[in-house]
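Protein chains in written order, with this note's numbering: chain A, 1 to 103; chain B, 1 to 167; chain C, 1 to 363.
The hints are simulated quantities; they were obtained by calculation from the structure and are not laboratory data. Note that CB positions come from ideal geometry on N, CA and C, so glycine has one too. Incorrect hints may appear among the rest.
[Unchecked claim] Some chain A residues close to chain B (C-beta under 8 angstroms, calculated; not the full set):
no.	residue
1	HIS7
2	PRO8
3	ILE9
4	SER103
Below, each chain spelled out in residue letters.
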Amino acid sequence: MNRIVNHPILDKEKPAKEVEIFVDDKPIIAREGEMIAAALIANGIFINRYTIHKHKPRGIYCAIGRCTDCIMTVDGIPNIRTCVTEVKDGMRITTQKGTGVWS
Amino acid sequence: MEHSLKTTGSPSLEELYKSPAFPTKEQLHKGPIAIIECIEEIPCNPCEASCPKGAITIGESITNLPEMDYEKCTACGMCITACPGLAIYIKDYTYGDTKALLSFPYEYYPLPKAGDIVQAVDRQGNYVCDAEVIKVRNPKSYDHTAVITIEYPKEYFEEAVNMKRIK
Amino acid sequence: MIVTELAIVGAGPAGLSASIEARRAGVDVLLIDENARPGGQLFKQIHKFFGSRAHKAGIRGINIGTELLRESEELGIHIWLKGEVCGIENGHNLWVVRDRNRSEIVKAKKIILATGATENAVIFPGWDLPGVMGAGAAQTMINVNRVLPGRKVIMLGSGNVGVIVAYQLMQAGAEVVAVLEAAPVLGGYGVHTAKVSRAGVPFYVSHTIKRAFGTNHVEAVEIVELDNSFKQILGTEQILDADTVCLATGLTPLTELAWLAGCKFNFVPALGGHLPIHDDKMHTTQPDIFIAGDISGIEEASTAMEEGRLAGINAAQELGYISEDEAKIRTDAIWDSLNSLRSGYFGQKRRDSKDLILQNGKR
Numbered sequence: 001m002n003r004i005v006n007h008p009i010l011d012k013e014k015p016a017k018e019v020e021i022f023v024d025d026k027p028i029i030a031r032e033g034e035m036i037a038a039a040l041i042a043n044g045i046f047i048n049r050y051t052i053h054k055h056k057p058r059g060i061y062c063a064i065g066r067c068t069d070c071i072m073t074v075d076g077i078p079n080i081r082t083c084v085t086e087v088k089d090g091m092r093i094t095t096q097k098g099t100g101v102w103s
Numbered sequence: 001m002e003h004s005l006k007t008t009g010s011p012s013l014e015e016l017y018k019s020p021a022f023p024t025k026e027q028l029h030k031g032p033i034a035i036i037e038c039i040e041e042i043p044c045n046p047c048e049a050s051c052p053k054g055a056i057t058i059g060e061s062i063t064n065l066p067e068m069d070y071e072k073c074t075a076c077g078m079c080i081t082a083c084p085g086l087a088i089y090i091k092d093y094t095y096g097d098t099k100a101l102l103s104f105p106y107e108y109y110p111l112p113k114a115g116d117i118v119q120a121v122d123r124q125g126n127y128v129c130d131a132e133v134i135k136v137r138n139p140k141s142y143d144h145t146a147v148i149t150i151e152y153p154k155e156y157f158e159e160a161v162n163m164k165r166i167k
Numbered sequence: 001m002i003v004t005e006l007a008i009v010g011a012g013p014a015g016l017s018a019s020i021e022a023r024r025a026g027v028d029v030l031l032i033d034e035n036a037r038p039g040g041q042l043f044k045q046i047h048k049f050f051g052s053r054a055h056k057a058g059i060r061g062i063n064i065g066t067e068l069l070r071e072s073e074e075l076g077i078h079i080w081l082k083g084e085v086c087g088i089e090n091g092h093n094l095w096v097v098r099d100r101n102r103s104e105i106v107k108a109k110k111i112i113l114a115t116g117a118t119e120n121a122v123i124f125p126g127w128d129l130p131g132v133m134g135a136g137a138a139q140t141m142i143n144v145n146r147v148l149p150g151r152k153v154i155m156l157g158s159g160n161v162g163v164i165v166a167y168q169l170m171q172a173g174a175e176v177v178a179v180l181e182a183a184p185v186l187g188g189y190g191v192h193t194a195k196v197s198r199a200g201v202p203f204y205v206s207h208t209i210k211r212a213f214g215t216n217h218v219e220a221v222e223i224v225e226l227d228n229s230f231k232q233i234l235g236t237e238q239i240l241d242a243d244t245v246c247l248a249t250g251l252t253p254l255t256e257l258a259w260l261a262g263c264k265f266n267f268v269p270a271l272g273g274h275l276p277i278h279d280d281k282m283h284t285t286q287p288d289i290f291i292a293g294d295i296s297g298i299e300e301a302s303t304a305m306e307e308g309r310l311a312g313i314n315a316a317q318e319l320g321y322i323s324e325d326e327a328k329i330r331t332d333a334i335w336d337s338l339n340s341l342r343s344g345y346f347g348q349k350r351r352d353s354k355d356l357i358l359q360n361g362k363r
């Protein structure tokens, strides 16, 4: 688990509502309102997509929605920047290959 | 290995002795005093206002190096948590027969408890000696900068400046 | 179409400060930010700020941010979050994409661009592996999202961003394996490097990353020494264990909107590169467009807030809400504060660059 629970400076967070999301059909627990990329990292998932030509793995790079290294397909829509998109209960996320497919 | 602030990250004693807020060897051994390791002209002055005895002077130009009047300093420790750079600590060579005292700012978890044995370190984070925690203060007014007081053997008096983080 | 007197793009420290000054004077303000939360980079700064005690020194960035937000809420400042300003036309119209699904045109008498900056990249083989990220990215993950993006970190770059984030990574529970600096001297404040040094982290000046290794993630990093011309010295390579590389290699102002608006630019290396020039009222060369914060040159949160206040007061004065005399008294005091923040060993270079900009930006 990669969540920071006790931080010397930041006060403890209010207990957040847990939601269930699916990453490549695998259920994981996330906190309501958190960014998809953060929920994935909290659960040990660091690969968001594979590049179109050389199939190389990519993960977060800028983390503020500018570089698109973190894009995944979310609820059938590809190229979603997971570092600036919030999770929703029941969300279905898939590791994207290349530019993704609209479904 | 030689150290210097701009090449290895921590200041050498030579660099520190140039500072008007770093005590001479004599002052350092006289009794409880505050030591400020701030040797660059950066715009910053909260230490000045924090001292109830007016022992610290920066002056009108806030980039001035802090000056310490060791006649006025009572080592009350108010300046330790006022410094945004965590550059101030207190030492007391005269604390005990074989032990000296060090109070330093600390912003990591977990915090130790009084009575714990911790590892005192030097400016490069190298292990110096074991030390016993005497006091841990972390009230709201310190805004999350805890002040830890440790006692440690006098023979390591000068090297120890902080403690190793607890895993 | 929405009509407003003053539109401010960016709700970071500069934009928030500008909106507070303008709204206090009575101006009808619309503050727009592309993020889901306001505050820009301020809510990632969990350390105590430097500066003069009279200007919030000793207070953590996050608390300054909370204070600014509270003030803006009390003043009832109208704010659009998740609003991406994608275009600017005729010097007064902003094209805003709201919630990523609808368009809005905002027509404003005055505009303040406070769009901040973006992190620079340094490229080496393996830089595209998961685990290589900007230092600001790591800072966002640990301080805002409260997740640890890595446990063994190599920090590339020893400026204030690099050393502060290295310290904060350790506070979050990570280990910092090393801080590398290409130049022969470290860049950040000595008190910051001293904190990191006494946590046992080694600094390597005249070093850079040759490559990062790993199959699906960073597993190790090869570092190499540089000579006086920044060329790699073969034979000095070392392999360090790591799962994360943070790049703290400078910031560049985000200036697209100023380009689109036709503002005149200068190339100012000490402040981040190409940036729109401004006068002492924070006017760009376009009559009704102001700038404030990192867009006008990479500095700090403290200078961003002061520049935001300048822009807000001057915009309010031009809109008729503050007299010229009152504006001058207040902005003179802010200039004193800015000059003080831009002094000393680290600040003087910024001061010299800003003086040149002001000369070129005079109207």
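Hint check results:
Interface restraint check for HIS7 of chain A: the shortest CB-CB distance to chain B comes to about 7 angstroms, inside 8 angstroms, so the restraint holds. Below 8 angstroms, beta-carbon pairs count as interface contacts, and PRO8 of chain A has one with chain B at about 5 angstroms; its hint therefore holds. The beta carbon of ILE9 of chain A is positioned within 8 angstroms of a beta carbon in chain B (closest approach about 5 angstroms), and the interface hint is therefore held. Interface restraint check for SER103 of chain A: the shortest CB-CB distance to chain B comes to about 45 angstroms, outside 8 angstroms, so the restraint is violated.
In the structure shown, a violation is registered for the earlier hint numbered 4 alone.
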